[in-house]
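Peer 1: Just need the whole structure built from these sequences, with the hints factored in.
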Amino acid sequence: MSRAPGSPPVGRDAHLVAQIDAIGNQLCQAVDGTFDFYVHTDSDEIAIQKLAQLNNFTLDAVRRTIGELEQARRELEVRVEERTQRLNLILSATNDGVWEWEIDAGHVTLSPRWARMLGQESAEIRQSFEMWLGLIHPADRSTVEHAFYRHLDGLSDAVDIEYRVRNARGAWRMMLCRGLCQRDERGRALRMAGTLSDTTEQRLSDPLTGLPNGAYLDLLMQEKLGGLPRPPLSLVKFQLLNVAQLFDGVAVERAIAALRKRVQALRQRLPARVALMALPEHTFAMVLELDAVAELDRVLEPVEALLAEPVEIEGRLVWLSHVSGVAIVSLHEAISADEWRRQARLALASARQSDIGTRCYYSESLRQWERHQGRAEQMIRGALANRGVCCFLQPIVDIVAGTARGFEALMRLEDPVEGLVNPGAFVEVAERTGLIAPLWEMLMDQALPVLKDPGMRERFGETFLISINLSPRQLMDSRLLELMLAACARHGVAQSRLQVEVTESAVLSDPARASRMLERMREAGIQVAMDDFGSGYSSLAQLTSLPLDTVKIDRSLVLDVSTLPRKQHVLAAVVALCQRLEHGVVVEGVEDWETVRLLRQWGVREIQGFFYARPMPMAQLIKQFELPLPLAAAGASANDAAG
Amino acid sequence: MIGLIQRVLIDHIESTLGEAAMRQLAVDAGIEHLGRRIDTDYDDAECLRLFDAAGEALGLDQEALMALYADIFVKWTLVHYPMFFQMADSAQAFLARQPAIHASMGAGIRDAQLRARVNDKFRIVEQHPGRLVVEYRSDNGLCGLYRALFRRLLEHYGERGLCEETGCMHRGDACCRFVMHFEERAA
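Chains as they are written, first to last, in the numbering used here: chain A, 933 to 1575; chain B, 2 to 188.
Hints listed in this document are in silico derivations from the structure and should not be mistaken for laboratory results. Treat the hints with care, as some may be off.
Stated by the list, open to error - Simulated pairs of lysine to aspartate or glutamate, DMTMM-like, Cα-Cα distance not exceeding 25 Å: (1) 122(B) with 1000(A); (2) 76(B) with 1227(A); (3) 1193(A) with 1223(A); (4) 982(A) with 165(B); (5) 1156(A) with 1244(A); (6) 76(B) with 977(A); (7) 1156(A) with 1246(A); (8) 122(B) with 72(B); (9) 982(A) with 44(B); (10) 982(A) with 64(B); (11) 982(A) with 62(B); (12) 982(A) with 953(A); (13) 982(A) with 90(B); (14) 982(A) with 29(B); (15) 982(A) with 112(B); (16) 982(A) with 968(A); (17) 122(B) with 1227(A); (18) 982(A) with 121(B); (19) 122(B) with 992(A); (20) 1156(A) with 1296(A); (21) 982(A) with 160(B); (22) 982(A) with 57(B); (23) 1156(A) with 1223(A).
Stated by the list, open to error - Which chain B residues face chain A? A few, computed with CB under 7 Å, are given here: (24) 39; (25) 40; (26) 81; (27) 94; (28) 98; (29) 105; (30) 108; (31) 111.
Said to hold, decoys possible - Non-contacting residues of chain A with respect to chain B, defined by C-beta distances greater than 12 Å in every case (computed): (32) 952; (33) 980; (34) 1006; (35) 1069; (36) 1309; (37) 1366; (38) 1525.
Since this is a predicted model, take the numbers as computed values, not measurements. Glycine included, C-beta positions come from ideal geometry on N, C-alpha and C.
Peer 2: Have a look at this one:
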């Protein structure tokens, strides 16, 4: 059927157009983005039906595709949700915060947990990378930046760095930051993301007491020293010396609980803003913004008063001994944290040398003392390395028989600068550093051959003793007896010709143990002498309880005894007591004939002192020392007797 | 069954035997309203009865009827759906697309179950150059028609091939399975 252009269709054409139009109208529903409809036609025309059918097929395909996409999306959402939940579980279990650095945008997004870790409001934070870095401790910042940029540049596999960061309350926290870069197919970094773990507990906290630790003290010191304007400052350290007493016979956890309770009480005695920090070896520290001793007293006396009170543990009272050291940095003094720390350490070390409860302040003399200690240690080490240990001998004279009862082996160190050095300059350091043991062994190796030396035997016979001092530390060494017996065997001398000298103070630290050790020595045939008796806190009880052969009376009881009658009474009584207890008696420090005469009147036979001989090397002794004539036989003058 | 199948048969009967014969055929098959729409799903049983009646009227056994039907089907669709033939350059390509074409015929069915039944009838199981495996799953059991269409399409494309029916619902298998081999055409 043909029709003029522009004229409306008629007949079959009109019917077909209407049918096609109807299909088109139905398809209009698709503009809403919904495809959930079907195209219908009433037409008997196969072409129209085909059109409807294929439209339905297309719509069906669209619906199916959308359905599949929806399903994929839902599955993806479920997986994302599952993964998110898992990640959240892990993050909450590890207590980690999450950060993400959008490199092109230059901002860092921080999770609410991250914000909470730094004491901020719990919300997601977005800030610039620079602002984020600004929270980091100035000393750590360049290291952190370096770690980030190294990873960004592909030089490291990951970011893994620990640093300090200030929280919203102004306190320093330790953070472990881990992260990885996401890169495009060309390797260009798109973003970096990772976690932040608060490691403050591990890094800045003392596990025993729960207090901030030494690393925290370092931070605090740096901060205080860097403050502008800087206030006057004092670093106070105190050390509990006998915490082991708390643990004696008590379950460890109970002892720890008692210690924590005491530490907490100490903290409460301090001003609220003063942090108490726990350092190794039961030492505690605080930084006070004070420099006047009176003000320090006001703060520290309540703490010291509490330290003087006993700790009650399982119905038992334990007194904790303490000492403290203070290093003051006055208002305009320039000082590094290291130097400040060293000053406080020195003050505390000095307090430890003093009485319990002592508080020592750092001073220049302390510095000199430290230098001396340092020099002494170097001198000892040099002597050990270069065999610079020299054995000097001082005779112990039997004035009645006119013989040498024995010789005390005395140590001297040969120093290239100082020359021969007396024990007073190094024994304390040797004892503290443990170097006394190798020194003593070297001395033994020189002293024992004296017993077999032909010159000595010819001059002094075959029965004299070698007497060697033992330090407190050696006396507590369970291997000591074995060492001495081995040395005697090595040098082929009888142990019965060996005498050890122990001081009262060496015994006092653990009298029972010392007594057992001395008893074993005597059983082995070694003679035991109490040295320097009367020089310190003399305990007369020791004269009866300790297994002794001889008591050597200290020169402090002897000095000027011939001119001081009251001193004569004391010395005479001590001598008589020792004699009554059947101990051998040696009087040390005798320098004049009058004293010899007095001692002889009191029945003393054995004398050691400059009156007869100063300590000297063996060769000199053989050559120069003359034995005195026997007193009973000679009745000679002092000069004659001294030879 | 999709209306297209029925429509092709009706058009052939009417054109060869006349409209009156077609009406009688419908009466013989017990079909009250003879459906001619290609986009409608008609009752399977009625459709099968119509095929049986047509076979009797034409004096053809089942296999001959299927061969005839395959021929008229190809001719009919070449007229009305020439694009499907243009889209395929071989019998294998046509048959590989056949399940989708079949599904398109049922796209207008609103009942989801019915539409799914149409969609699920044919499934490509394996497809390699020269080899195609298809499963057919329908209570109508028109596997003979598929085999006839296979032969007719080979003829249309001027190809040679072989169709093995390794499984058949008439033999009690879960589905009919056609393993088809296509000889490569000479250049």
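Peer 1: Compare the structure with each hint and give your call.
Peer 2: So, going through the hints one by one against the coordinates:
1. 122(B) with 1000(A): 21 Å, holds
2. 76(B) with 1227(A): 115 Å, violated
3. 1193(A) with 1223(A): Not satisfied, since the Cα-Cα distance of roughly 29 Å exceeds 25 Å.
4. 982(A) with 165(B): 33 Å, violated
5. 1156(A) with 1244(A): 37 Å, violated
6. 76(B) with 977(A): 18 Å, holds
7. 1156(A) with 1246(A): Between residue 1156(A) and residue 1246(A) the Cα gap is close to 41 Å, so the pair fails against 25 Å, i.e. violated.
8. 122(B) with 72(B): Holds: residue 122(B) and residue 72(B) sit about 22 Å apart, inside 25 Å.
9. 982(A) with 44(B): 20 Å, holds
10. 982(A) with 64(B): Between residue 982(A) and residue 64(B) the Cα gap is close to 29 Å, so the pair fails against 25 Å, i.e. violated.
11. 982(A) with 62(B): 32 Å, violated
12. 982(A) with 953(A): Holds, at roughly 15 Å.
13. 982(A) with 90(B): Satisfied, since the Cα-Cα distance of roughly 23 Å is no more than 25 Å.
14. 982(A) with 29(B): 29 Å, violated
15. 982(A) with 112(B): Roughly 19 Å separates the two Cα atoms, so the pair holds.
16. 982(A) with 968(A): 19 Å, holds
17. 122(B) with 1227(A): Judged against 25 Å, a Cα distance of about 99 Å means the pair is violated.
18. 982(A) with 121(B): 21 Å, holds
19. 122(B) with 992(A): Measuring from Cα to Cα gives roughly 17 Å; hence the hint holds.
20. 1156(A) with 1296(A): 23 Å, holds
21. 982(A) with 160(B): Measuring from Cα to Cα gives roughly 29 Å; hence the hint is violated.
22. 982(A) with 57(B): 31 Å, violated
23. 1156(A) with 1223(A): The given pair, whose Cα atoms are some 14 Å apart, holds under the 25 Å limit.
24. 39: Interface hint status for residue 39(B): holds (5 Å vs cutoff 7 Å).
25. 40: 4 Å, holds
26. 81: With a minimum Cβ separation of about 6 Å from chain A (threshold 7 Å), the hint on residue 81(B) holds.
27. 94: 19 Å, violated
28. 98: With a minimum Cβ separation of about 13 Å from chain A (threshold 7 Å), the hint on residue 98(B) is violated.
29. 105: 4 Å, holds
30. 108: 4 Å, holds
31. 111: 6 Å, holds
32. 952: 15 Å, holds
33. 980: 9 Å, violated
34. 1006: The assertion about residue 1006(A) holds, with a minimum of 19 Å to chain B.
35. 1069: Answer for residue 1069(A): holds, closest chain B Cβ roughly 67 Å.
36. 1309: 90 Å, holds
37. 1366: Check passes; 87 Å lies beyond 12 Å.
38. 1525: Non-interface label stands for residue 1525(A): nearest chain B Cβ at 130 Å, farther than 12 Å.
Violated hints, listed in ascending order, are 2, 3, 4, 5, 7, 10, 11, 14, 17, 21, 22, 27, 28 and 33; each of the other numbered hints is respected by the structure.
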